[in-house]
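Protein chains: 2
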Amino acid sequence: MIDRLIVHATLLTMTDEKGGLLPDGAVAIEGNRILAVGTTQELMERYSARVVHDVAGKAVMPGLVDAHIHTSMALYRGVAQDTHHWLQKGVGPYFSEINEAEAVAGSMLNIVEGLKAGTTTFSDFDNPMPLIAENYRTTGARGRLTATVNQLPPGLHRLKVNEMYPLDESTGRQKLEETLQMLEEWHGKADGRITVMLGPQGPDMVTESLLLEIKSLARTYKTRIHMHVAQGDREINQMERRYGQRTIPWLDSIGYLDEQLVAVHLTEATDEEAALMAKKGAAMIHCPGSIGIIDGMVPPVMAFLEAGGIAGLGSDNAPGNNCNNMFNEMKAAAVFNKIKAKDPTVMPAEKVLRMATIEGARAIGLADEIGSLEPGKKADLIVINTREPGLAPVITAPVSNLVPNLVYAARGHEVEMVIIDGQLVMENRQLLTVDESQVVARAQHLAEQLAARVANRSSN
Amino acid sequence: MIDRLIVHATLLTMTDEKGGLLPDGAVAIEGNRILAVGTTQELMERYSARVVHDVAGKAVMPGLVDAHIHTSMALYRGVAQDTHHWLQKGVGPYFSEINEAEAVAGSMLNIVEGLKAGTTTFSDFDNPMPLIAENYRTTGARGRLTATVNQLPPGLHRLKVNEMYPLDESTGRQKLEETLQMLEEWHGKADGRITVMLGPQGPDMVTESLLLEIKSLARTYKTRIHMHVAQGDREINQMERRYGQRTIPWLDSIGYLDEQLVAVHLTEATDEEAALMAKKGAAMIHCPGSIGIIDGMVPPVMAFLEAGGIAGLGSDNAPGNNCNNMFNEMKAAAVFNKIKAKDPTVMPAEKVLRMATIEGARAIGLADEIGSLEPGKKADLIVINTREPGLAPVITAPVSNLVPNLVYAARGHEVEMVIIDGQLVMENRQLLTVDESQVVARAQHLAEQLAARVANRSSN
Chain A
1 MIDRLIVHAT LLTMTDEKGG LLPDGAVAIE GNRILAVGTT QELMERYSAR VVHDVAGKAV
61 MPGLVDAHIH TSMALYRGVA QDTHHWLQKG VGPYFSEINE AEAVAGSMLN IVEGLKAGTT
121 TFSDFDNPMP LIAENYRTTG ARGRLTATVN QLPPGLHRLK VNEMYPLDES TGRQKLEETL
181 QMLEEWHGKA DGRITVMLGP QGPDMVTESL LLEIKSLART YKTRIHMHVA QGDREINQME
241 RRYGQRTIPW LDSIGYLDEQ LVAVHLTEAT DEEAALMAKK GAAMIHCPGS IGIIDGMVPP
301 VMAFLEAGGI AGLGSDNAPG NNCNNMFNEM KAAAVFNKIK AKDPTVMPAE KVLRMATIEG
361 ARAIGLADEI GSLEPGKKAD LIVINTREPG LAPVITAPVS NLVPNLVYAA RGHEVEMVII
421 DGQLVMENRQ LLTVDESQVV ARAQHLAEQL AARVANRSSN
Chain B
1 MIDRLIVHAT LLTMTDEKGG LLPDGAVAIE GNRILAVGTT QELMERYSAR VVHDVAGKAV
61 MPGLVDAHIH TSMALYRGVA QDTHHWLQKG VGPYFSEINE AEAVAGSMLN IVEGLKAGTT
121 TFSDFDNPMP LIAENYRTTG ARGRLTATVN QLPPGLHRLK VNEMYPLDES TGRQKLEETL
181 QMLEEWHGKA DGRITVMLGP QGPDMVTESL LLEIKSLART YKTRIHMHVA QGDREINQME
241 RRYGQRTIPW LDSIGYLDEQ LVAVHLTEAT DEEAALMAKK GAAMIHCPGS IGIIDGMVPP
301 VMAFLEAGGI AGLGSDNAPG NNCNNMFNEM KAAAVFNKIK AKDPTVMPAE KVLRMATIEG
361 ARAIGLADEI GSLEPGKKAD LIVINTREPG LAPVITAPVS NLVPNLVYAA RGHEVEMVII
421 DGQLVMENRQ LLTVDESQVV ARAQHLAEQL AARVANRSSN
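These protein sequences, in sequence, are chains A and B. Quick note on numbering: the UniProt record's numbering labels position 165 of the first sequence as 165, and the sequence is numbered without any gaps. Quick note on numbering: the UniProt record's numbering labels position 457 of the second sequence as 457, and the sequence is numbered without any gaps.
Read the hints as simulated data drawn from the structure, not as lab findings. The reader is advised that the hints may include incorrect statements.
For chains that are exact copies, the list does not tell them apart, and a pair is met inside one copy or across any two.
BS3-like, lysine-lysine: derived pairs with alpha carbons at most 27 angstroms apart [stated by the list, open to error]: (1) Lys18 to Lys89; (2) Lys189 to Lys160; (3) Lys18 to Lys189; (4) Lys342 to Lys160; (5) Lys160 to Lys279; (6) Lys279 to Lys89; (7) Lys222 to Lys160; (8) Lys189 to Lys280; (9) Lys222 to Lys280; (10) Lys342 to Lys89; (11) Lys342 to Lys215; (12) Lys89 to Lys222.
Fair warning: this is a prediction, and the values are worked out from it, not measured in the lab.
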């Protein structure tokens with residue numbers, strides 16, 4: 001008697017380039033792992049299960065991987081759109097003003113939003129990370145957690161463009177301590193559902209020596225380095241002032257471009273720099289929604305992929321994107337890149353679906369555990385109602401429209417059931433691990449307090 | 001005693017450039033019209049109503065206007081993505097093969113999809129239009145209906161690029177008859193909820209004399225001409241062969257660019273041609289989703305708007321887009337144009353929200369009736385749950401995040417209630433006029449038959 005059997009699914013296993021479509025498929029789950037994947041007939045003959053989910057008319061696929069998100073920023077969703085000054089004038093006052101309780105409540109809101117749209121793994125870059133980690137324990141979501149490390153002096157509210165920013169040793173030391181605490185307390189915890197990466201905020205915000213110390217730590221703890229790279233012209237300018245080189249060649253010069261690096265954005269990278277990163281083995285996280293809205297730009301992910309790189313997708317942050325939903329990110333990645341290339345064939349649906357699942361998992365170093373439906377992997381999967389009017393009809397021949405419609409038509413609310421680490425986290429769109437309405441009410445309450453303080457400060 | 005009072009709403013009346021935000025607002029409805037708009041306190045003192053909707057914590061705004069949609073194409077959603085040959089090889093076989101029952105069932109699926117995402121007015125360009133009109137009668141949606149008129153000979157399955165297409169008088173005559181029948185039978189019917197425009201498919205697909213006859217008819221019936229314009233390089237090439245001019249200068253030369261013209265796409269128009277159209281008073285319908293996916297292009301809507309033009313948004317068709325959802329279209333319009341301009345300030349959220357409501361209504365000639373919440377207008381409005389995790393929190397000061405979040409974060413399923421022409425069409429996400437699951441099941445059934453015929457034909 002096994003724990004759980006899902007039957008009569010239109011399976012997308014993500015085990016091949018087309019999505020691994022298996023009609024009338026089944027998945028057997030024992031504990032927190034996938035025991036078998038096959039046809040319904042095969043698995044029903046082989047197993048009996050304590051719980052059987054008959055999902056006829058529905059698609060089942062691996063849970064989505066949000067490979068870069070800042071959940072602590074959710075409380076100021078939508079405060080800074082349509083501006084040239086997103087960071088400094090838009091988001092800055094909230095970023096400076098937010099307290100720990102507000103950051104943690106926002107994080108919970110963002111996790112709930114993501115879960116309800118089929119995200120099962122969140123590669124979350126934040127502070128205060130030890131407190132945010134508790135949200136992952138509570139919700140049952142898979143957390144790949146990165147505590148922010150920088151050496152920006154406390155009280156520095158504005159980074160000046162035309163001079164080198166000051167970097168402060170003791171700040172860096174204190175923030176690295178938080179990361180070490182995270183590694184000790186959380187790495188591999190909750191049956192391995194929660195793991196930790198190391199997070200220099202950007203190569204311009206820490207010294208070379210701290211970057212190298214972090215690299216050594218990543219080796220010790222067998223984890224990766226999650227860092228914003230070439231994320232803006234301010235950063236490139238800073239690197240040129242500090243080291244006389246642009247970001248990516250400089251990172252190459254200090255031996256930073258390898259499989260340990262999970263590089264986010266590359267907004268200001270040239271195609272050649274992106275290709276260099278790919279060839280050296282570093283992964284790229286593409287966040288099309290936030291960069292499109294904040295900067296009106298499309299980072300060089302096509303050049304990165306053409307050079308053989310592994311790329312995932314990230315929803316980044318609510319004040320920038322303004323949503324944290326991987327269906328949105330898949331569509332944005334596919335269409336923004338078509339528009340950039342003036343070519344409807346680039347970034348086909350099958351490719352972006354892989355980036356939101358197995359390739360995202362590879363990018364953040366979790367592909368042995370998640371990202372596809374295969375025996376032995378962790379049981380992270382989602383059930384999608386393809387009979388929602390906007391996803392219907394499902395056609396299988398002469399071509400299958402399932403993958404194109406998941407990428408170009410689905411919006412996230414079609415996800416009906418979420419299983420993470422073998423545990424039922426959402427059923428019939430009801431979250432089972434937390435009270436959604438309480439999460440939203442608390443976020444609303446604290447956001448009003450935060451906004452009132454920001455309003456008060458800006459009127460002074 | 002009035003019919004209906006909506007109270008405690010966060011109102012977006014769309015009566016000013018910022019959206020006409022009114023906290024704790026109310027709308028009074030009598031019959032099919034808005035009687036009054038004001039604060040909850042004002043309207044509760046003034047009226048008592050047979051039905052009172054308390055929508056505290058929710059936003060209320062005019063129903064969305066889908067200013068260009070082909071609902072008859074919904075059954076082949078998602079069959080032709082990521083290709084250079086969308087029309088000829090992708091969609092063509094389905095377009096040739098579909099029968100009337102299938103087209104009508106697809107239309108119903110698309111209308112249901114749109115209603116559930118807050119679209120209340122559909123500017124629908126299709127055939128067989130008299131049958132599709134019945135879907136609007138049944139669902140309670142507002143239909144602005146256009147029967148396709150072209151002179152392409154029957155059996156012509158493929159338009160050749162390098163020679164003039166044949167145009168056939170009797171085909172044009174027969175299709176114009178259908179339009180005349182539509183005008184007589186449907187224009188102004190269902191209490192004015194259903195109206196009719198005239199629809200030459202494109203300036204390359206009808207003769208000059210038929211175009212001019214249609215213009216005269218539009219004057220007689222006091223309606224507008226809904227036409228694809230500069231929709232592809234094939235069309236421009238055809239116009240140059242036929243008349244020695246590109247589309248828009250030629251239309252100008254025959255006096256076609258005026259307030260009567262609702263011009264769709266402008267994909268291949270230059271900025272100067274778009275500006276010319278705007279200055280002459282023709283309206284533009286921008287369909288960013290479908291043109292982005294099908295062509296990897298962003299039409300010159302910015303140049304059109306800068307020249308003072310009135311533009312609406314359209315979702316076009318399911319095999320191209322692949323969804324028919326104005327929240328998707330608003331986000332696409334805002335972000336695609338930022339990317340095209342490499343400037344995050346272009347196409348701000350407030351602007352695209354207007355294009356999906358009042359300006360879309362102006363573009364299709366219905367602004368006296370719909371598009372904003374004002375006394376005397378038809379009661380077409382939607383209630384949006386802003387406590388969905390992806391729309392929370394709502395902040396009102398120091399800046400309001402409601403409009404940016406409706407554009408950049410909402411996905412359509414947050415729409416809880418739809419009222420059209422004073423009638424409750426959806427409540428608690430349940431459609432009250434048609435059985436959603438039957439609509440989806442019928443669409444699925446007929447799509448399988450259609451796809452089987454296409455598969456059979458392509459394998460022969």
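Hints and how they fare:
| no. | hint | in the structure |
| --- | --- | --- |
| 1 | Lys18 to Lys89 | between (44 angstroms within a copy, 20 angstroms between copies) |
| 2 | Lys189 to Lys160 | neither (40 angstroms within a copy, 63 angstroms between copies) |
| 3 | Lys18 to Lys189 | neither (34 angstroms within a copy, 48 angstroms between copies) |
| 4 | Lys342 to Lys160 | between (36 angstroms within a copy, 23 angstroms between copies) |
| 5 | Lys160 to Lys279 | neither (33 angstroms within a copy, 44 angstroms between copies) |
| 6 | Lys279 to Lys89 | neither (37 angstroms within a copy, 37 angstroms between copies) |
| 7 | Lys222 to Lys160 | neither (36 angstroms within a copy, 60 angstroms between copies) |
| 8 | Lys189 to Lys280 | neither (31 angstroms within a copy, 67 angstroms between copies) |
| 9 | Lys222 to Lys280 | within (19 angstroms within a copy, 66 angstroms between copies) |
| 10 | Lys342 to Lys89 | between (33 angstroms within a copy, 20 angstroms between copies) |
| 11 | Lys342 to Lys215 | neither (39 angstroms within a copy, 35 angstroms between copies) |
| 12 | Lys89 to Lys222 | neither (39 angstroms within a copy, 50 angstroms between copies) |
Of the numbered hints listed earlier, those contradicted by the structure are 2, 3, 5, 6, 7, 8, 11 and 12.
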